[in-house]
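Number of protein chains: 4
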Amino acid sequence: MIPRYSRAEMTKIWEPENRFRIWFEIEAHACDALAEIGVIPKDSARIIWEKGDIPYTPARSARIDEIEAETKHDVIAFLTELAEHIGPESRFVHQGMTSSDVLDTCLNVQLTQAADILLADLDRVLNALEKRAFELKDVVCMGRSHGIHAEPVTMGLKFATFHAEFQRNRRRLKSAREDIATCAISGAVGTFANIDPRVEEHVAAKLGLKPEPVSTQVIPRDRHAQFFATLGVIASSVEHLAIEIRHLQRTEVREAEEYFSPGQKGSSAMPHKRNPVLTENLTGLARIVRGMVIPAMENVALWHERDISHSSVERMIGPDATVTLDFALNRLAGVVEKLVVYPEAVAKNLNQLGGLVFSQRVLLALTQAGMSREDSYKAVQRNAMKVWLESANFLDLLKADSEVAAKIPAKTLEELFDLRYHTKHVDTIFKRVFGRA
Amino acid sequence: MIPRYSRAEMTKIWEPENRFRIWFEIEAHACDALAEIGVIPKDSARIIWEKGDIPYTPARSARIDEIEAETKHDVIAFLTELAEHIGPESRFVHQGMTSSDVLDTCLNVQLTQAADILLADLDRVLNALEKRAFELKDVVCMGRSHGIHAEPVTMGLKFATFHAEFQRNRRRLKSAREDIATCAISGAVGTFANIDPRVEEHVAAKLGLKPEPVSTQVIPRDRHAQFFATLGVIASSVEHLAIEIRHLQRTEVREAEEYFSPGQKGSSAMPHKRNPVLTENLTGLARIVRGMVIPAMENVALWHERDISHSSVERMIGPDATVTLDFALNRLAGVVEKLVVYPEAVAKNLNQLGGLVFSQRVLLALTQAGMSREDSYKAVQRNAMKVWLESANFLDLLKADSEVAAKIPAKTLEELFDLRYHTKHVDTIFKRVFGRA
Amino acid sequence: MIPRYSRAEMTKIWEPENRFRIWFEIEAHACDALAEIGVIPKDSARIIWEKGDIPYTPARSARIDEIEAETKHDVIAFLTELAEHIGPESRFVHQGMTSSDVLDTCLNVQLTQAADILLADLDRVLNALEKRAFELKDVVCMGRSHGIHAEPVTMGLKFATFHAEFQRNRRRLKSAREDIATCAISGAVGTFANIDPRVEEHVAAKLGLKPEPVSTQVIPRDRHAQFFATLGVIASSVEHLAIEIRHLQRTEVREAEEYFSPGQKGSSAMPHKRNPVLTENLTGLARIVRGMVIPAMENVALWHERDISHSSVERMIGPDATVTLDFALNRLAGVVEKLVVYPEAVAKNLNQLGGLVFSQRVLLALTQAGMSREDSYKAVQRNAMKVWLESANFLDLLKADSEVAAKIPAKTLEELFDLRYHTKHVDTIFKRVFGRA
Amino acid sequence: MIPRYSRAEMTKIWEPENRFRIWFEIEAHACDALAEIGVIPKDSARIIWEKGDIPYTPARSARIDEIEAETKHDVIAFLTELAEHIGPESRFVHQGMTSSDVLDTCLNVQLTQAADILLADLDRVLNALEKRAFELKDVVCMGRSHGIHAEPVTMGLKFATFHAEFQRNRRRLKSAREDIATCAISGAVGTFANIDPRVEEHVAAKLGLKPEPVSTQVIPRDRHAQFFATLGVIASSVEHLAIEIRHLQRTEVREAEEYFSPGQKGSSAMPHKRNPVLTENLTGLARIVRGMVIPAMENVALWHERDISHSSVERMIGPDATVTLDFALNRLAGVVEKLVVYPEAVAKNLNQLGGLVFSQRVLLALTQAGMSREDSYKAVQRNAMKVWLESANFLDLLKADSEVAAKIPAKTLEELFDLRYHTKHVDTIFKRVFGRA
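Each protein sequence line maps, in turn, to chains H, G, Z and U. Numbering of the first sequence is given in our numbering, commencing with residue 52 and proceeding in unit increments. Numbering of the second sequence is given in our numbering, commencing with residue 52 and proceeding in unit increments. Numbering of the third sequence is given in our numbering, commencing with residue 52 and proceeding in unit increments. Numbering of the fourth sequence is given in our numbering, commencing with residue 52 and proceeding in unit increments.
Worth double-checking, as some hints may not be accurate.
Taking lysine to aspartate or glutamate pairs in the EDC-like style, the calculated list, with each CA pair at most 16 Å apart, reads [unchecked claim]:
#1 Z:429 x U:76
#2 G:482 x H:252
#3 Z:123 x U:425
#4 G:123 x H:425
#5 Z:482 x Z:119
#6 U:482 x Z:252
#7 G:188 x G:478
#8 G:429 x H:252
#9 G:389 x G:478
#10 H:475 x G:121
#11 Z:257 x Z:121
#12 H:482 x G:425
#13 H:102 x H:140
#14 H:123 x G:247
#15 U:429 x Z:104
#16 H:429 x G:478
#17 Z:475 x U:121
#18 Z:482 x U:425
#19 U:475 x Z:247
Stretch-level coverage of chain U by chain Z, calculated; a stretch enters the list once three of its residues show a Cβ under 8 Å from a Cβ in chain Z [to be verified]:
#20 221-234
#21 363-374
#22 377-390
#23 438-451
If you are wondering where the hints come from, they were derived from the structure by calculation, not from laboratory data. Using N, Cα and C, we set each Cβ at its ideal position, and we do this for glycine too.
Pulled out of the complex, with its shape left as it was, chain H reads as follows:
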């Protein structure tokens, strides 16, 4: 997480002030429940809110840090500072709880906050993809497998494909959000020995979480592993779309281009350059987010009822993965929204192979005319290879091929070379993806 690749909305989640605020809410809600079941005085709970419900400022954070420098324990430092505001009633705060109750529940609140932003990001990406998909639905372009011209598709189909992929990612993220939206207030080693389970239920409800069915002082880390793994999958989809755009922008293809603002410089040495730097950047950011998946999985196997090895990992990947992915999704949405498409280049590339893209249709026509599949394949390939090697026109070659001509008259052959043949089901696909066409 570096400022260059960060958006304020997401970084705020990871600032100390947000963390301390969540800690306070956990403690104060817990006090309410403790008061309700008669463990602490109701007045004390009220006073804790009254005196404690004040904003966390950098100054307060600094004070907490100062205390932690001595105690070497962050939650105790937090409680000590809080006591300075609350006074004697502070002795009822954190009653029966253990640090992990606060830390783990807080982390899950932060991750759900982050997930909500990421879901909104995905919506922005989805909206951009949908808009471009419909706008470009009928712009026929070359489809490529292995980087080699294959058969025609449309530019809109490309965007529809990514829309479907990001829809899946949205679904996965929602599911991953559920996975980490739990609350544990179960005390040391998770037995509720010193805290009634009703406290957990109350705090969970207040924070929009579900009680963790069984916690062992910590909320189990398979939840977080699944969460970060899901971010890794989404990052891989970001890379997928970024690489598509990088390919489309390369000089020899140049069917599309990232928006290049006036005043922008492509290269310090070569003033003529217009580089797909945003999507290249996204490719790198995807690697970063993916690199956090394995550490998150290595965090699962904590020792016995807990160890704290996960903590340093999460202090880094918690912010890093969410902030970086948030930035990446927004950058991606911007790229899609403003992507410049060059229809002339699209058309030019489409015709580059002199009709070779119709080879399958000719193959099928030959088999339907009674030629064996093997013979049909050989006949078509024989002529196709000449196009590659001699830049000949495919249709002319086929007409001149006696074996082919014996099966398909020239007129029929000509009719096979028709782009509309390839786009006739675009609406079907759009309906599947968007529910409309």
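Keeping the supplied structure of chain H fixed, place chains G, Z and U upon it in accordance with the hints.
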């Protein structure tokens, strides 16, 4: 995937004969649909089933390999061999389809088959965990955080915790199974130019899959990334439980032990050894499965409408990840089922720290008796540190501490040292995890 | 490791018969040393060689497996089978040693054998790259940054670049080979309590290894982590070159092409296709090898004097990483050796941007003629952007630009548009890389 | 990289001011060389140093950021700001160079600076390990394989083992440092078209680097991949030692303990806790550093002569990996230096298994007394298993075993139970590791 860590049921899925069988079914079902919509003769579809529906044997696989050696194309080799059995009607097979239609749909069938076995494996693990959890529900044992004695839990709670974790894994795997249970029969670059979408719908229904909303010659690989990532999470949970058992078996703890069969040798040099080799093995297998997550994610960003870089990865991790995880889950279930628990050792360890584990309860009692949290903490820690350093008895020290004694009478202090205090909510937790206690 | 991506020479290293042979040599050499220092009778050592030095066959391997099924211990099974051949003297075999002495030393022998093959593979790649580099040294082609035309380079330079990269990889692999070329015969927990250090020295010398300075029953796994990490770096270079070729082959570029054999089929559906399937395959294989780096690193932190979690990992990644990389390097060498280069396409692409590639030279000329760098940049960019947008001729535009014309006369401008300007240091670079030009 | 896990010395390397300073030096040294070979006026080069050699301050960094916000190009922003100080001579700065010349050479300077700190860190770790190794050389303790008591070692041997491991890491890091200590000043696409190779040689010499033999606008990223992979291996060794200490500190073992300062709090809830939080933290930090290895490897395959996908990755992992590892190594050194060892606990654990640890020696004595290895193993194991199950005394059982007694008289048996037998080669090992004993 090596025989040592494989079970036949899972390896069979990845044998050529199963693959070719699935390919045949895809092609033959497609022919039915093509016949139904009038593209090929109904009689031809019938004959294709009649003549083609014969078992794939190693001999047939060898024949296909032979053809592939020449054509360098596996699906064409398959079709050529099939034609040797079907005769002239074979020209209707694969009509309008592309290799990826067959390969990708087949891979997804294999992955759903594998997922079904893994789900059954998880059920075996869950059953074993549930059985042991109830059996050991009330065996009080030491709970440990940071490897240090904390407060009592029960052995049954440990198993309940893992049960909840594996329940989550089961849910995740079901969801991952849905993610890869799709079928694509959309032809080159996925436009349905040469094949009617109804064919895809028919084949999907017959194979228990859903049609892929939009495929670009390939089924999008974010689906597979999510699938393998989920296997990585499950593997991490395997490691989690394995490490718990390794800890419990270490000589100084020895609360539990992997079953050690008569005739088994622990060490070639040291005849006295009884080593937790199965769970150590599981720790390693988890690393292996996890190592396949990133390659699967790197597969997502295929170029344009497809490239084939994913193929070599999947030829290895498809079998390797599923076979290894299947083996690991079964080994794990066996370890849990037969784990030997030593209640005497459990009890001995529980008492090792001379009552220190009640430190929190004393802390709470002091605060409730009116001492500030800070002072209470200091009082308890002061006496606790003496126990660590001088192996003194904690209760005796507390009684002798004038500040403590001033707040809590000796009798009350003694009553605080009660294990039942820590187990009173075990039933609550069991009900949350198992729905019963 | 699957047959499809394996070469026999490398797979042989990992067959049981090679492993057992190495085990025998370790044991027999150890007996020689034990006899030499008087621990066992010299005659016994002689007899062990005489009766034991017989080939390991699949039949013997099967017998060993059979014994292991009972003892659940592979080295004991091996020793038991060996005793069936050697008779009573077998009681002197393995004296004072522990299984790990045999297993770990053997693994390192296998890894050095594998490293030797990989070094030879790298030599084949290097030779191919050098040959093509010199052959294509002067074929001027477009250099591209960000996929965008930048300035001219030569095809030979591309190969020289990869040659330098693979030279580095060769050096790294040699260094990694040294890292794992050690021998440990130090007995249980590595104290030499039951075996004299001179035995280790003797066996090490015989097997071409160095004695491990200190082993703790196992040879420390940081050595193996470094080894597999190095394979991961080499795999990444394979991917690097593979992706370069995939780019050069894409239809719109098509400056080079993998050799396409007669009879080969590019696509079952589209007979016209010629796909870079080998380099796509290499891209995937690189992911696989890279996926083994983290598991190898996770193996380092074994518990205390050893645990066996590394073993299952190494049983898989030992063969998988070396066999896959060996296959990949050979495939890569073949691709480079036979790569078809199309000079006409190279030339055509070079001219595609109407002279824009000379923009930097014009920029420099303007600054040298006294214009500020900022103004020069603006002047050049202003004209360059017109070329992008209007496909105009860059030189013509510059001549017509009054500000530019005021600084550089038309004649001089024309002279700046000279490819030789860009290739004048090719020989310098070749001398640096190859020691000759 | 977060403040909590950072040391100022290392973070300074990654601050903008250090980066800009290095950029300036590269540019200014290049000007010297350009002046020397007559491309620019000698006076200009002198003035560039005179006016430009002023400290980079946060204020200057802010000004550069401001310019970058408009130009969207960091090097151009830097040059523009520099021009504000240098005046008209600034037009000679960056002549013939491309941004990557500056950026990549700078990154390598930063990485060598970081490597130098890390080498010093390793020295601190090595010193601590050596000191403790000698101090504890003769403290006999239990050696454990699989977490199970095996045979005696000494505490000093443990530290010697890690010393050898960190010696190897030091060697690897030196080698990795060499790998990234290169300088590229080769201009756009690396052809030296606009810049004489002598400039590169001059700048390299001034900065303590070697000229990159062939660069393609960028310094090839296999160098960086190897560098970060090496950091990953070192991090794994950190984890290795951390886990050893965590095991030694667990309550049931407690042979050693991290230093616990007065005023420190182990747990907010349980005042009695003394947790190995530093080594747990190190375990997590190791995961983080390791997570950056694969992204660095994915950076290798840049497109054609360069793309910029590596940049975002390196902006994050450059600082993160070096800062985190630097912090971890220093924390580790501190833990080792201050580690509290408890000799009584060491001795107690050593005797825990009632002499079982001598089982191998008895086994060998039996074989030397003429019993077959198989029978000896069974005799020893038979008695050993009784010790496990009935907590009997191993020596007594052996004496009472008629088969054993028939081979070894009671007196001789007693003599076998001697710890010095296990430590007789400690000096040999120390000499191998430290060159002295």
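Each hint, compared with the structure:
1. Z:429 x U:76: Violated, at roughly 26 Å.
2. G:482 x H:252: holds, 15 Å
3. Z:123 x U:425: holds, 15 Å
4. G:123 x H:425: holds, 15 Å
5. Z:482 x Z:119: violated, 58 Å
6. U:482 x Z:252: Holds, because 15 Å separates the two Cα atoms, which is no more than 16 Å.
7. G:188 x G:478: holds, 9 Å
8. G:429 x H:252: Not OK: residue 429 of chain G and residue 252 of chain H at ~31 Å, beyond 16 Å, violated.
9. G:389 x G:478: Violated, at roughly 24 Å.
10. H:475 x G:121: violated, 36 Å
11. Z:257 x Z:121: violated, 33 Å
12. H:482 x G:425: violated, 66 Å
13. H:102 x H:140: Status holds; Cα separation ~10 Å.
14. H:123 x G:247: violated, 68 Å
15. U:429 x Z:104: Violated. Residue 429 of chain U to residue 104 of chain Z sits at ~28 Å, over the 16 Å cutoff.
16. H:429 x G:478: Distance of about 74 Å is beyond 16 Å: violated.
17. Z:475 x U:121: violated, 36 Å
18. Z:482 x U:425: violated, 66 Å
19. U:475 x Z:247: holds, 10 Å
20. 221-234: holds (count 3)
21. 363-374: violated (count 0)
22. 377-390: Not satisfied, violated; 0 residues make the cut.
23. 438-451: violated (count 0)
In terms of the numbered hints stated before, the structure departs from hints 1, 5, 8, 9, 10, 11, 12, 14, 15, 16, 17, 18, 21, 22 and 23, listed from lowest to highest.
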